[in-house]
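Required output: the full structure, derived from the provided sequences and hints.
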Amino acid sequence: MSRIAFRLAVNGEVREVFAEPRKLLSDVLREDLRLTGTHVGCEHGVCGACTVLVDGKPSRACLIFAIQMQGREITTVEGLTPDEGLSPLQQALHEEHGLQCGFCTPGIITTFEAYLRENPDPSEDEIREVLAGNLCRCTGYGNIVRGVKKAARMLRDGAAQ
Amino acid sequence: MSGIKAEDTKRSDFDQIGKPILRKEDVRLLRGKGVYVDDIEVPGALHACFVRSPHAHARISGFDLDEAKAMPGVIAIVTGHEINGWTNGLKLAPPIEGLQPTEMTTLPVDKVRFHGDPVACVVATDRYVAEDAAELVLVDYDVLEAVTSYDSALADGAPLVDETLSSNLVSHQKFEAGDIARRKQEAHRIVEASFAMQRMTHLPIETRGCIAVWDDGRQHLTMHIGSQAPHPMRSALAGRLRLGEQQVTIASPDVGGAFGQKIIVYREEITVAALARHLKRPVRWREDRIENLSASLQARENTVHTCAAVAADGRILSLEAEILEDFGAYCFYPANYLARVIGMILTGPYRIQDYAFEVKIALTNKCGAGPMRAPMAITSLVMDGTLDAVARELNLDPAEVRRVNMLRPSDLPYTMPTGERLEDVTPSECFERGLREVDYAAFRKRQTEDRGRKVYRGIGICNVVESTTYGSAFYKAAGIPGSGHEAAWVKIEPSGAIRASAGLMGTGQSYETPFAQAVAEGLGVDVAQVDILLGNTDIAPYGMGARGSRGATAGGGTLFLTALDLKAKMLDIAAALLGLNSASELNVKGGKVLRHVGGEWAETGLGIGDIARTAYLDPLKLPEGMQPGLEMHRAWDPPQMTYSNSAHFCEVTLSPATGEIAIDRYLIIEDCGTVLNPLVVAGQQQGATVLGIGGVLFEHMIYDESGQNLCGTLADYLIPTATEAPEIEIIGQHTPNKRTPAGIKGMAEGGVMGAIGAVNNAVNDALRPFGVIADRQPLSPDYIRRLLRQKV
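These protein sequence lines map, in sequence, to chains D and P. Our numbering puts the first residue of the first sequence at 231, with every later residue one more than the last. Our numbering puts the first residue of the second sequence at 803, with every later residue one more than the last.
Since the hints were made in silico from the structure, they are not lab data. Only true hints are included.
List time: in silico DSS-like cross-link candidates among lysine-lysine, alpha-carbon distance up to 25 Å:
1) P:LYS821 to D:LYS380
2) P:LYS807 to P:LYS1293
3) P:LYS835 to D:LYS380
Since the structure is predicted, the reported quantities are computational estimates derived from the model, not experimental observations.
Structure follows, in structure tokens:
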């Protein structure tokens, strides 16, 4: 299959891509754009490790062809990370030991960056409901839930100031 | 200076050990800057894809590679005919009575033995092309009858999975201590029970994968691969590739989980490495999820039948256990490796001396099995489940039956009937504390009242004695090949920068932080000053890797002892610089050398930087005869076995209409000795417990009767998500081990053992009014409904 040139808006930058139309967004992000923070865990849309934001909404990058994303705004974990240090959500996950191997973590960060924007004060049950779309084999989830709750509080406090 | 002994290192005033320090590795992982194997860029690397058997058991009658080879971008396609000529096979023939020796080639050429068995490898310029070409590889098979269960494997006339063996019974051992026949005559009752765990898989969220880079000039292979045990992997890979060990570097980057699946070198990885060497080009391979689910190691699938002779008060007079395991198609480990440990430690925290076990392992046409987090996971379910069976048959309270059998503090140290020695454990203290915390009597009252309202509650108790750190003496006693020692080095560079390494590799266990704490404690510096380097065999000393729950004791303990040795050298240098005859009044704290004068610790004006500069750049000032430089290397072999212990309590509500089980409360009382980092320990306990709960309730690697794997996606193989995982309450009441550095015991598998027992026992308690017993896992709604329907 032949490669074609197209443009993708990723993390606020327009990037030139030269790839086969069948190439997955997850593979283009990782291999062509070297944004390896997006992880591939199943390639069938269940594990959630490859979650990125498409126009601000969490989406599975392994279920999308990159070429379909022309004209959309893609945000990866790299685009949600400050130049120095950690975002409030990242900091809260750090403080609550909400990650162990870290492989599922970028997908959780992208999911909840979007979710907390629309739901600044979620209950534990609501957090668990959303987190159910991201598989984690290490933590048992409790510390991730606590991390998200803490992040919500930090973000609310930040917004109030 | 050197020779600090483990048992001399107990202290309660630790400065760095025991602090809830946030993890060092977090920042890179949270920022998306972790580097896992598939994140490594290697210019010009080719991509490998494997062709796998669609049959469980079939003769290979031929290959047709022409069409696949003609595809543009395809560089090479090889089968076992080439690969086996370039590599050695795996021969497992440890001198163990009752174990049939086995041997396999790198890729099968005569027949395939399970659905997913690799038969050919395509190498192409692009992963997509490699996968396309793999689909065009034609393999002719003559399908054979498959054996897909323990029972059918051992039936008369069953087809042989491995035709070089005399039968599919690949391993068979017996053990007996005491006088079982006599105890049975004396018994008030004989109680029999059965327990079965299903086939499971480790399911790291990062699948396997590797990049083999062959340097044809230096004749050297660098293998980038997520590995729990880099040095044993290097030894194995070099041997399989007919290379000297000095010609192979294993470089493990960040690893996205392993749980036992990333210890051995697999046939795919040997193939990829052999191809890189043959083609003189880098070759990389990323395992698909379907490959991980069907052809990476699987685990469990064991059944245990127990027969207990009991007194009227529930005391166990003797116990017999028959341990049966379905090991799959190939022996990547000696077949007795896992089940034997179950037999060795089965009696756990209970006073039993008349004990026998029999282990029978069968080969079947399913993916090969290996150790998965708590390979002996069924142990505590079998023991505490047997006590529950005794309580049911004698109409006694399950807690009371545990109490009359449990080792009292005065019984310790206790030699188990298998010769295993329990000491520095607190099973009765943890158990009694748990009964108080859950208010056991109040629960029983609530349970009785609620049954009247058709609300079916159950409580399950599981007392766990967790074998954590296996010393060399255990391997020898158990007849399993291997060493339990670990090695470490600690270096202070001329600037005072501190680095340390050990031969384990973390795959999510947070090693970088607690290991830094152990080094910081030993040296007398702040943890932030210590960098831990793991995973590269050219940097780390040869060690035995991450397996069992040996990280804290073997890894942290050896690093702590090494750091103490290095501190002793620093103090000798400091004494010389201060003009003192001896270092006995000196210590290092916070990186500064302190002197004990007049009952107080006073600063001397010297710091680690001064000592390092002297050691490297001004060696004439060193004490006479001392070598310049500031580094230390040592090894340490743990005691035969270290044990942690815990008591798990699980409360459930059963819905008879749907078969659904809700976990209402989960409490653990745990003693895992000196804790290096309580944050990390809690994380391991929570994660292990939820992994165990997944095993009890959901996970099931299903094969149909013809040997087809029916769990090719994560929608088929179900692990707990955040909505199924309960909150895990943990109360630590830790007591140090007297034989290990700093009193460390280790943990991280007991949670699995406890959950498997506590949840199953709770469900059986809830099922009591219905007169049925759930004796096989997973306890799916479907299975529970089937049990209830049988009764109605």
